[in-house]
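K.L.:
Top to bottom, those sequences are chains U and Z. Here this note's numbering is used: the first residue of the first sequence is 5, the next is one more, and so on. Here this note's numbering is used: the first residue of the second sequence is 264, the next is one more, and so on.
In short, the hints are calculated from the structure, not lab data. Hints may contain errors.
[As the list claims (entries may be wrong)] The list that follows gives simulated cross-link-like pairs (lysine-lysine, DSS-like), each with its CA atoms no further than 27 Å apart: (1) LYS422/U with LYS328/Z; (2) LYS511/Z with LYS328/Z; (3) LYS328/Z with LYS378/U.
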Amino acid sequence: MDILDKFIAQAKENVRAGYYEGAKAENVKRSSLKEKLTGGKFCLICEIKHASPAGEYEMRGIDVGQAAGEFLECGADAISVVVEPRIFKGDLGNVAIAKKTGLPVLFKDFVLDERQVQAAAASGADCMLLVMRVLEREKLDVRKFIARAHSLGLEVLLECYDEGEMKRALQTDADIVGINNRDLQTLKVDLRRTQKIMEKFPNIAKPLVSESGVRGKEDVQFLRETGASGILVGTAIWTAQDLKKKILELKGATAAKTEAVGGSKDAGAPGEKIGCMASSSGRFGKFGGTYVSELLVPVLQELEKAFEDAKKDGKFNKQLSHYLSKYAGRPTPLYFAGNLSEKLGMRIYLKREDLLHTGAHKINNAIGQALLAKYMGKKRVIAETGAGQHGVATATAAALLGLQCDVYMGSEDAKRQKLNVYRMEMLGANVRIVEAGSRTLKDAVNEALRDYATNFADTHYILGSALGPHPYPSIVAHFQSVIGKEAREQILTDEGRLPDCLLACVGGGSNAIGLFGAFLQDEGVKMVGVEAAGEGVQTGKHAARISGDAKLGVLHGTLTYVLENADGQIRETHSVSAGLDYPAIGPQHAHLYALKRAQYVCVEDKEALEAFHLLARMEGIIPALESAHAIAYLPKLAKELREGALAAEAALGEGGLDGGARTALGASGLGGVGSTTKGAGKMPVVIVNLSGRGDKDVQHVAQMEGEKI
Amino acid sequence: MLRKWKAKKYEKQERAEGENMMFIPYVCCGDGGIAFTEKLVKALAPHSGIIELGIPFSDPIADGKTIQRAANRALAGGASVQEIFGMVMRLRKDGVQTPFVFMTYYNVVYAHGREKFLRKMKEAGVQGIIVPDLPFEEDEEFEKMAQREGIAVVNLIAPNTKETRAGKILAREKLFTYLVSVAGTTGARGEVKEESVEFVKRMRRLAGSGKKLCVGFGVADAQSAQKFRDAGADGVIVGSRIIDICEKESEADALMQIGRLAREIREI
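All chains should be built: construct the whole structure from the sequences, respecting the hints.
P.N.:
See the structure below:
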């Protein structure tokens, strides 16, 4: 039993007593608290609160209108109004009074009933507070409350007390999260609570408000440095001798120059424009950059300029589309996989990049960059390759355009993708086997970068994935964007609507970013990248970065999530698929993850192998082992989408959020509901990028499974 | 607790006529075991203007085969950042006064926390750091942090660096400026190319007389050092050659040969 139980009991009584039925405001013009918090400055939210729960003060007869006016005058960014009538002596009518300032107003109470949500909307508030612990303690579904608030046009600030709650809060649709610095047992406040929790979520994508316990300007400075977006202050204002002076003091500290240390604040700042082209400083949020030796700096600057020019050059683009359509075989079909769809209860479309010349999406980028090499007057191209697909694509483009070509390949990869080594050699490329390190893709990139730093005068490095130093991630995303552009048009033609979800495997991430790019602004389209979990994330033998245990670091010229040991040494990775066997994820994906725009999951070798066979038998398509990872995630995705649809439907249903519906949506209640539920007839539509064909893997898989061919 | 080591302030000044050429050896810490590195540093100290302590990294993209091999051996032998800091503190305690500069890749520093790493450098007695994959554009934050701890970030200039940019890099000089003599990676090379000599001359003209220019990448012996001295360099960085010697010779012979090389270069 802690203080919260007391508040909960009181809240229930307030609901029963009909307190919330009186709320009514007219001509409400809503303004967004979230926008304030993501506007780039540290925000001060001042609170109208007639009493403190710790008994520090109790005031009667506050002139709320005057106080709100003074908040505005002193530069408050928003106003919080505690409406709880008994313990906090609040009043629903105060919301409308605070609204007269034009500032965003937060409705604050211990919410555990739908009537309170309706009252918040009816009172004219812009945002309402939900307390994670209150709802969880009462076994209520947080998501449902959030959905209800959203349906009434309210934003939600979801308040947490500990790391576990924060973790769960960040998985909801709450617009803003909060950390309450008050201990519920002792009622003492400790600002380090915010600091500790923030440290656990360095790339938090939602704006965060630190609540309670701010006394003076030092506290404001302290909290600002934790990376929070703003603070909520009540007691300090009301116990100060001079209210206005106190607010001015706090406000002054929020505006103090923020030192650029560690960059926790620039981490995928919420509200940032989402895109897959780098900013002028070569970054995606805080990810990306140009971490290369001095020798390569001018070379990459020259490349960036040539790329920007070529993009605008009509002749260049005409050549590119000529080769893509007449030579490589674009557009590729978007194939409705009927058998698989029926089995999984979704409408599954495969974007058939595997049908392209050379058997994978890699040719899109290889032709683009080979043309770019010619455009820059280079005579020679080099490339790294993992599975051999990019090596073959580059060797092909080089043969086509008369360029000399060297391809670096780790000896481990050369062994498992022998056929592709022969193909490259037949195409006239010189395959350079790399024996360093783990003898895979990472080591091939190292060697290619060394070659580039030596021979840049006549050589262009055709990097094959959406990684490496700027401008490579942007170049690769540009040349692969054709995948998503086609798929978007095709699905609109075939289904008459946008898909619910996109699915693609992610090594460096070129095929995924190629598909995702065209849908980034379509908020309703979920995006999932599938990483390689190798023998299992827990075994340490894997290539799961975001979905595994990668840390923020710098590899191959870019700041992103990297698999490394405690000393910053890059770890060896493992995957049955050579193309996913790489310790870093491309910076655009790191950014999409930080912004929570895309989700990253992983599947193990054995699941990928099962999917390899599944697609072969059900659809007559043998996928590359890389793409098989995306296929392998489909059953899990089907379950997720079904559950998501149900939750949304339940939240919007007639039953609403009244007391009786409380227990309906615990996670346990979802199993097996399936197609009997109303609305489930509208099946989710999913596009999977089938980025490569499996010819190259047939021999390897057969050998692994002990069959002779 | 180890006593904090205070370096003598390293005065930057133009090498006067007749003054010795500065010899800056690069050692790959932990190659041959940390005890050997410690011995090697002690043997080099009397001959060296500065000693470059390489912290091995798994993916050294600016390094050629020799240093890659050395780094792999060191890492396979369990070399760690902590062990290297321990060695530095022992060396300082034993009275080695030569300025030390770390040379490592950005991820190593980043993984340890940049400020924490710089603070530890200061405590242990390391004066500067070279991060070959942290160019001028990307190092603003790091430079500020280093300044706060009083650590010198040594920047590099390459033959293809544009003049205006080179000027900006020179303006920031601390300890010295590292001139990358050729396009490519580190590694002992035969003859010094004419264009490398021209590059050093060009940088000397641009820098004027007040800057300390030290040349690295492919400097293997006294003859090549002589050519760079004639072009206006104040010092040379020798790395791969030292590793070559250690690979070929017994410990005693290696220390002797490296000592001889150091003396030859200083006597230019």
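K.L.:
Tell me, in ascending order, the numbers of any earlier hints that this structure violates.
P.N.:
Those not satisfied come down to hint 3.
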